[in-house]
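**Student:** Chains G and X supply the protein sequences, listed in that same order.
Residue 180 in the working numbering sits at position 63 of the first sequence, with consecutive numbering throughout.
Residue 714 in the working numbering sits at position 117 of the second sequence, with consecutive numbering throughout.
Everything labelled a hint here was simulated from the structure, so no lab data went into it.
Treat the hints with caution; some may be incorrect.
[Said to hold, decoys possible] BS3-like cross-link-like pairs, simulated, lysine-lysine; straight-line CA separation at most 27 angstroms: (1) X:Lys728 with G:Lys439; (2) X:Lys728 with G:Lys305; (3) X:Lys670 with X:Lys621; (4) X:Lys621 with G:Lys254; (5) G:Lys439 with G:Lys305; (6) X:Lys670 with G:Lys419; (7) G:Lys180 with G:Lys152; (8) G:Lys419 with G:Lys305; (9) X:Lys670 with G:Lys254; (10) G:Lys419 with X:Lys757; (11) G:Lys184 with G:Lys254; (12) X:Lys728 with X:Lys670; (13) G:Lys180 with G:Lys161; (14) G:Lys152 with G:Lys127.
[Said to hold, decoys possible] Some residues of chain X that are not near chain G, with every Cβ distance over 12 angstroms (derived): (15) Ile605; (16) Val608; (17) Val658; (18) Leu671; (19) Gly696; (20) Gly751.
For every residue, glycine included, the Cβ atom is placed at its ideal position computed from N, Cα and C.
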Amino acid sequence: MNFPVQELLKLAAKGGFVLGFVAVSAMFLIWLERKVSAWIQNRKGPMMTGPQGAFQSVADTVKLLLKENIVPSGADFFIWWLAPFFVAIPAVMAFVCMPFGPHHIVYDLNVGILYICSITSVSVLGIFMAGWGSNNKYSLLGGMRSAAQIISYEVPLLLSVLVVVMEAGTVSMQGIVHAQEPGWFILKPNVMVAFLIYLISATAEVNRVPFDIPEAESELVAGYHTEYSGMKFAMFFVAEYTNFFIISATTATLFFGGWLGPWAPSPVWFLLKAYGIVFFLMWVRWTLPRLRMDQMMTFAWKVLTPLALVNVLVTGWFLVRKG
Amino acid sequence: MTETVFYIIAVSLCVFAVLSVTVKDVFHSAVWLALALLSVAGIFLSLDAAFLGVIQVLVYVGGIMTLFIFAIKLTARIGDRSIRQVSQQSVCGGIVSAGIFGVFLIIIYANQWNDMMLPPGQGIGLNGLGKALLTTYALPFEFISVLLLAALVGAIVIGKVKQ
Chain G
118 MNFPVQELLK LAAKGGFVLG FVAVSAMFLI WLERKVSAWI QNRKGPMMTG PQGAFQSVAD
178 TVKLLLKENI VPSGADFFIW WLAPFFVAIP AVMAFVCMPF GPHHIVYDLN VGILYICSIT
238 SVSVLGIFMA GWGSNNKYSL LGGMRSAAQI ISYEVPLLLS VLVVVMEAGT VSMQGIVHAQ
298 EPGWFILKPN VMVAFLIYLI SATAEVNRVP FDIPEAESEL VAGYHTEYSG MKFAMFFVAE
358 YTNFFIISAT TATLFFGGWL GPWAPSPVWF LLKAYGIVFF LMWVRWTLPR LRMDQMMTFA
418 WKVLTPLALV NVLVTGWFLV RKG
Chain X
598 MTETVFYIIA VSLCVFAVLS VTVKDVFHSA VWLALALLSV AGIFLSLDAA FLGVIQVLVY
658 VGGIMTLFIF AIKLTARIGD RSIRQVSQQS VCGGIVSAGI FGVFLIIIYA NQWNDMMLPP
718 GQGIGLNGLG KALLTTYALP FEFISVLLLA ALVGAIVIGK VKQ
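Just chain G, same shape as in the assembly (with noise of 0.2 angstroms):
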């Protein structure tokens, strides 16, 4: 039998590449919402390890890798201890579809968009089997919250994420930046609409504040994750970052023309697009008070979702005017 041992070497680097990007970007978001969070808060954040703090996040992984793992007792070990790949190994497949340049993408399926919000969808799962197995009041309610919001932001989501698809005539990722080469979808009315609400169902998605009921820490811990420690722990940790990087990297792709950019590399305004939208997205999560439950849902429901239905049949009738 042919090994095809360069295909595979191939793959292997563009894994390594993957895994090695989340790791640092996660460390890097960590540092970054601190202190962001700090400057908001007029104090200073993490100051003692290296220049402003900076390796910080290098500390606290060293910290918890050394941590002991603790199994609370009653859990259902084996949800307890499968919950967290469920939360992990999502956040780090949807990277197979992140364009970071026109010829740097790990693989552009044709499917691309519609790959991003199922994998992502999968990890409601996992954070309800962290609540269930943690065998703790607290976690199950933080879990069964956290189900309940992402299912209900998931269907403004895939409406808006709908409009853009209308407007490119494709799914894939690298279609939807190359269909944005005459301007920025952004600039479209029906789209900007598209934008907002897919900006906050996608804020939602993600369990941030003013969306953090799941992990309201004044009423519920921690949410679904109390229970959990050490390296268990920083794999929730770790995949909440992730994920929040997928959000803004998504919006950038989808809205504000992916690595379309002039004068810089693709990748560079890639990047930067989507820390720019990650560093709005804590500006609000530091400036908002959280909602409450209902509240949560009743917008999810009654506001989001027959608005984007709408901008759904406006943008159609736009296009069928065009031709």
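Since chain G is already given, all that's left is putting chain X on it; use the hints.
**Tutor:** Then chain X, alone, in the frame of chain G:
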């Protein structure tokens, strides 16, 4: 290489499927089922049917499994670990499964699959699928949506708390 990947996924699919009907805890069973459904998506992907694979994950794992888990959580005491699911009709179940397996075998061996296969890249694609659903197959498509709507309304009526 494609064949190796296929066999790895196929074997794990069988293991997950068997586990999902043999384990004693309802929640564990749901998790094994989710893994089995993910493996099916993997087979679709390895056969270059990316759209099917993606929809498999989106609908079955993201939607139906979440629904299952909510049902387990919200049904009183079914997720209680003192209650075990025990199959009391394993003989009948075995006969039915063997029958279905036999029917599949007959179908597989009675047809010349090579003649029916389209060369790669000649499928109808996403565009064609969308057009076919809304033109040629508009009636069945609408029929299914009406059926789903009826089920939805029915579920709300049944689930409504009596005042």
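**Student:** Under the constraints set out in the numbered hints, which ones does this structure not fulfil?
**Tutor:** Failing hints, ascending: 12, 14, 17, 18.
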